[in-house]
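Once you've looked at the hints, dock chain B against the given chain A.
Listed below are the residues making up each chain.
Protein chains: 2
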Amino acid sequence: MSILRRDPLSYGWTIFLEEDFPSSLAQCPNDISLPPEKCPFCPGHEEETPPEIAALRSPNSKPNRPGWRVRTIPDRNAVLRIEGQLSKRGEGLYDMMNGIGAHEIVIESPDHYRHLSQFSRSEIYDVLWMYRERVKDLLNDQRFRYVQVCRNYGARAGARLPHPHSLIIALPITPRWVREEIARAYEHWQMKERCVFCDIIAQDEQSSRDVCVNADFIALEPFAARMPYETWIYPREHQWYFHDITDEQLQSLADILKRTTLALERQLGDAAYNLIVHTAPVRGERQYETEHVKLSAYYHWHIEIIPRTEELSGFEYGTGIYVNPVLPEKAAIALRQKFDEIDAEFQQGLLS
Amino acid sequence: MSILRRDPLSYGWTIFLEEDFPSSLAQCPNDISLPPEKCPFCPGHEEETPPEIAALRSPNSKPNRPGWRVRTIPDRNAVLRIEGQLSKRGEGLYDMMNGIGAHEIVIESPDHYRHLSQFSRSEIYDVLWMYRERVKDLLNDQRFRYVQVCRNYGARAGARLPHPHSLIIALPITPRWVREEIARAYEHWQMKERCVFCDIIAQDEQSSRDVCVNADFIALEPFAARMPYETWIYPREHQWYFHDITDEQLQSLADILKRTTLALERQLGDAAYNLIVHTAPVRGERQYETEHVKLSAYYHWHIEIIPRTEELSGFEYGTGIYVNPVLPEKAAIALRQKFDEIDAEFQQGLLS
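Quick note, the sequences are listed as chains A and B, same order. Count the first sequence with numbering that gives the first Met the number 0 and you get residues 0 to 351, in order. Count the second sequence with numbering that gives the first Met the number 0 and you get residues 0 to 351, in order.
Next comes chain A alone, as it looks inside the complex (with noise of 0.2 Å):
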């Protein structure tokens, strides 16, 4: 079993993973090409995989067999693991517990070489839908306080395997970029009574940064972006969990999704890119809350795609300043014109 040990100056954790045991996200090679006929994820081969877990697949088909659509499983090279108990321990002044989890991949297409952006809409609802109901059934194990939900494209943002795919992964601990996020929007509350993303989407809809806007969801470049060309994708409406969504908001959010990735590819070519959803907790960060307000009032849960066109220096690793040769604002213009191109598409029928 893999172990979760915690760093005392910065409260951020490490997996460390089991002896001789290979991980699908360490040690990421360079070149991840691979043909469908060797490859785990393709129909035909549901027996090189571990039994499956869900899948969205056709009437008449059977279980690990062909004839699905989306279909997630365990992952064989698991960094944490759903059996056993939770045990936290010290040592001296450190802090660790065992690596309790669960670590799901998700297969998105049959296809081998299909895109994210190439989906139809209503492949993505399939993709998301499945995303919404593996968090769902992972919150109901008391042992776990969040599930990151996450899709790497590219080697160089570590994706192991070309075939297009997503990670579920449980955790038992709240991660520490969405804690920062929490006491941030909670130092926020105190001082406005108001939620912080709320504020940000009241302030850049329709502002220079606004790229992109349905019924229900909206996507903008963030203010401080910290990659070229990264967007971000927020619901409207205030809601605090990614699992929450309707099946209504489900295929805004496809909408949103299939143009955004498409804009992207777009603009930037077969960059590298993750997308990452940021959720809140569903237990363990009581001390964010009182008699007067929970979680929920100041949460709200968004997408955040990065693309990985730059490499990280020393000075971001020292510093945590980024450095980015594009401004949003000057992102969002090139991002516009190929939005607009995507909608005449949309509307003469060229994409679905």
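Derived by calculation from the structure, the hints in this document are not laboratory data. Certain hints may be false.
Going by beta-carbon spacing under 8 Å, a handful of chain A positions derived as facing chain B [claimed, not checked]:
id, residue
1, Ser-9
2, Gly-11
3, Ile-14
4, Asn-151
5, Gly-157
6, Ala-223
7, Glu-310
8, Leu-311
9, Tyr-316
10, Gly-319
A virtual CB, placed ideally from N, CA and C, is assigned to each residue, including glycine.
This is chain B only, laid out in the frame that chain A set:
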């Protein structure tokens, strides 16, 4: 001029570069090989760089001519500029300031091909001496709060040129990671009235994470190392400012750096790495001081050496949780063997 913008959700800063301004930190190519005859850092090419700020050179040599051992120049593509007044302003809920700072390059050797691990200890001493003198000089500028010293080796670590060099970047803010260390160290002080770094050293010296020690310094594998073979070097006695280091301590630091970079190279081959100096800020962190305790009591400067063998995935970007396949205690076993070999070679006079 570049712009600094602060993210309201993390309080992390991003430096946005001037338009059409190539940065030496951003957009790193995968291949940074360059023949000496085209290298602006090589002797004989001094006129291809801006005039030198400082140099260690032979008595009869002239500035901006060959004859130097270590040479510091302003970066032609500086991310921050020294000219102008610091001006802070808001934009609705956002915070920003103009890109005042300094960005210098320490060319560490006339030898284009030399790795830091191949420097003699007296050559490393010269480089460290230059670090100290540049930091001291820059901190005289009342606009600056922090000077970041770092070294990028290899394209994956963000280096853009193969010629051995370091960066010295003066900042009008305290870097986020240093602020976090200060906040945690302050909490520790409030509970224990002790320096958390001193407590770490006390717990880890002669433990299974201790890899090398000399008169003044200790090299440890951190308990929650983010990367395989990550190694930190601490002054054994409490000292808050790197730039307060004495000449004698500099010799001791050169000794442990020589041993550590050589041991890491023998273990990891030609792996890319970042070397980062963390030191106390000189101004601006008064909120972490009281009548009873100053920053100097609980901050402890140190050097972090971070091998860059792993690619960060969406999981790391989303959560701040690292996945490390090598336990620090395992890394320490391997490194101690290398340190023993190196020690023997010093005793035989094979290394200097």
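Structure-based check of all given hints:
no. : hint    : verdict
1   : Ser-9   : holds (5 Å)
2   : Gly-11  : holds (5 Å)
3   : Ile-14  : holds (5 Å)
4   : Asn-151 : holds (5 Å)
5   : Gly-157 : holds (3 Å)
6   : Ala-223 : holds (4 Å)
7   : Glu-310 : holds (4 Å)
8   : Leu-311 : holds (6 Å)
9   : Tyr-316 : holds (5 Å)
10  : Gly-319 : holds (3 Å)
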